[in-house]
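Peer 1: So the protein sequences, as listed, match chains S and C.
The numbering of the first sequence is our numbering, which starts it at -14 and goes up by one.
The numbering of the second sequence is our numbering, which starts it at 30 and goes up by one.
Worth flagging that the hints you see were computed from the coordinates, not collected in a lab.
Do not rely on the hints blindly, as some may be mistaken.
[What the hints assert, rightly or not] Dumping the calculated DSSO-like pairs for lysine-lysine here, alpha-carbon to alpha-carbon at most 27 Å:
id : chain 1 : residue 1 : chain 2 : residue 2
1  : S       : 106       : S       : 24
2  : S       : 332       : S       : 300
3  : C       : 87        : S       : 229
4  : C       : 87        : S       : 114
5  : S       : 381       : S       : 113
[To be verified] Selected chain C positions facing chain S (in silico; Cβ < 10 Å):
id : residue
6  : 30
7  : 49
8  : 69
9  : 74
10 : 90
11 : 108
12 : 109
13 : 112
14 : 115
Beta carbons are placed, not taken as given, at the ideal position from N, Cα and C, and that holds for glycine.
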Amino acid sequence: MINQKDILSTINMIEQQHLDIRTVTMGISLLSCCNEDAKTACENIYDKICRYAERLVPECEDIETEFGIPIVNKRISVTPMALVAGASKTDDYVTFAVAMDRAAKSCGVNFIGGYSALVQKGMTEADKKLILSIPEALASTEYVCSSINVGSTRAGINMDAVALMGRIIKETSEKTADRDGIGCAKLVVFCNAVEDNPFMAGAFHGTGEAESVINVGVSGPGVVHSALKEVSGQPFDVVAETVKKTAFRVTRMGQLVAIEASRRLDTPFGIVDLSLAPTPAVGDSVARILEEMGLETCGTHGTTAALALLNDAVKKGGVMASSSVGGLSGAFIPVSEDEGMIAAARKGTLCIDKLEAMTCVCSVGLDMIAIPGDTPASTISAIIADEAAIGMVNSKTTAVRILPAPGKGVGDTIEMGGLLGSAPVMPVHPESSEAFIARGGRIPAPLQSLKN
Amino acid sequence: MNAIITVIGRDRVGILAAVSTSLAERNVNILDVTQTILQSNFTMVMMVDVAGCSVSFKELAADLEELGRGMELSIRIQREEIFDAMHSV
């Protein structure tokens, strides 16, 4: 029989340290739904999503009961909608978002991702129509998430798209001003977006993927934090080893659930995403792990190094525990969704510039950061450009999910509730980037040799 | 299919009897039992075979939880694989 100590340690991880499966995400290809008539295409979309995902939630709930492990989110990701909607003769793309939203509600999932376009090198007519429809689409739906890829290591950065996204983010915030601009929490701008990401708001089902697939995202900042408390004051080699061992265990559980979900839903298993995803709950914070390593407050000098170690050790530990690793795989640092980050931002120790530095060594980017509502669109675009440049040069995924707080300024807080949490409004540099963004065009792809 | 039942709480007379009676009523076979007192907490770990169980896993889990509530104990049942996966390579 399994060691009693091991059994109790697993139960302690689940009950006391917030160990859970963060998401089981079913990716569904919608390429077969294309139709010249938009109404028919939307019906096809609704029918196909419901057909594939109708058992997703009940099966996941059964897995939760049998294994005694919570699966916090059940979600759906679909083919980037610009590719599907492009076949229809219509200018009204919001109807496609509404069809996605309806399907998500019927299946009982809590988010559906893929209102997306990939425009790293250029924009098709469909891409442009989709991007322009985002503010309305996110304001008139509840569960739809949108993501736009504006750059890649191979293509460079599409600065026209970057400029446009600054304006779209502002407009999305204004359209949902009555709910603290929550629309922007469902909108991500990527560089080097991945096709198998199970996490929202950036999930979409890439064109290189199968008809449908099950991707799983694990979590466990609380477990890592508790493990590190046991090795207080010891050298970093010990810290790295401890994180690796913990990540291994957490990922093995994710792998088990992924295989079980795949079997029950008769859908191929795709990947396990090895991300440390925090929640606003006390004891489930990535920032507190960094502080456990010896930093007084997250954001102070040493934070980037601590995060680099954590991120690398999580991957090293997790990679052997799963037969297929993918997605974003790294530590997330979403400010509003991490109790320790919120506290550090309130204190003023954690600022956007430091967060930007942190994104150089972890996934995924400037995430869930509230900024003053009167921030110019060009400044938002410039923030996106900086973050995309980090991703492009370092061959990694970076993203911006930034929340202009309507009518609010530094010192105020926006409340989104649930897993999205609350975010203190952080200052941005007041100096203008207007002329920089107005240039447009493309930043060329970087050299892949002479790396320094 | 094997599952692990864990019972944690304040020690009192009749815990093992109550749990095993409840399992017998549902045709669940007990394969192994260990129990200790950890920091004045009663801790029992049981391995059971639920293949012949007369109710669904969901109902069994709910029944055990209910039984625990009445005795101020936390009783949970989980499939064995999760512990195997996490603690053995």
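Peer 1: Tell me if residue 115(C) is really an interface residue toward chain S, meaning its C-beta lies closer than 10 Å to one of theirs.
Peer 2: holds (5 Å)
Peer 1: Interface hint check: residue 30(C), Cβ to nearest Cβ on chain S, cutoff 10 Å. Holds or violated?
Peer 2: holds (9 Å)
Peer 1: Would you check the hint for residue 106(S) and residue 24(S), treating anything up to 27 Å between C-alpha atoms as holding?
Peer 2: violated (30 Å)
Peer 1: Interface hint check: residue 112(C), Cβ to nearest Cβ on chain S, cutoff 10 Å. Holds or violated?
Peer 2: holds (5 Å)
Peer 1: Verify the proposed pairing of residue 87(C) with residue 114(S), using a straight-line Cα cut of 27 Å.
Peer 2: Given that 27 Å is the threshold and the Cα spacing comes to 48 Å, the pair is violated.
Peer 1: Starting from residue 87(C), check that the Cα of residue 229(S) is at most 27 Å away, please.
Peer 2: violated (34 Å)
Peer 1: Below or equal to 27 Å on CA atoms is what counts here, so check residue 332(S) against residue 300(S).
Peer 2: violated (31 Å)
Peer 1: The hint names residue 69(C) as touching chain S; please verify it with the least Cβ-Cβ distance against 10 Å.
Peer 2: Violated - the Cβ of residue 69(C) stays beyond 10 Å from chain S, reaching only about 15 Å at its closest.
Peer 1: Go through the hint on residue 108(C) and say holds or violated, using the shortest Cβ distance to chain S against 10 Å.
Peer 2: With Cβ-Cβ at 5 Å, under 10 Å, it holds.
Peer 1: Residue 109(C) was flagged as interface toward chain S. Is the shortest Cβ-Cβ separation under 10 Å?
Peer 2: holds (7 Å)
Peer 1: Under the criterion of a CB-CB separation shorter than 10 Å, is residue 90(C) in contact with chain S as hinted?
Peer 2: Interface hint status for residue 90(C): holds (6 Å vs cutoff 10 Å).
Peer 1: Interface hint check: residue 49(C), Cβ to nearest Cβ on chain S, cutoff 10 Å. Holds or violated?
Peer 2: violated (16 Å)
The structure fails to meet hints 1, 2, 3, 4, 7, 8 from the earlier list, while all remaining hints are met.
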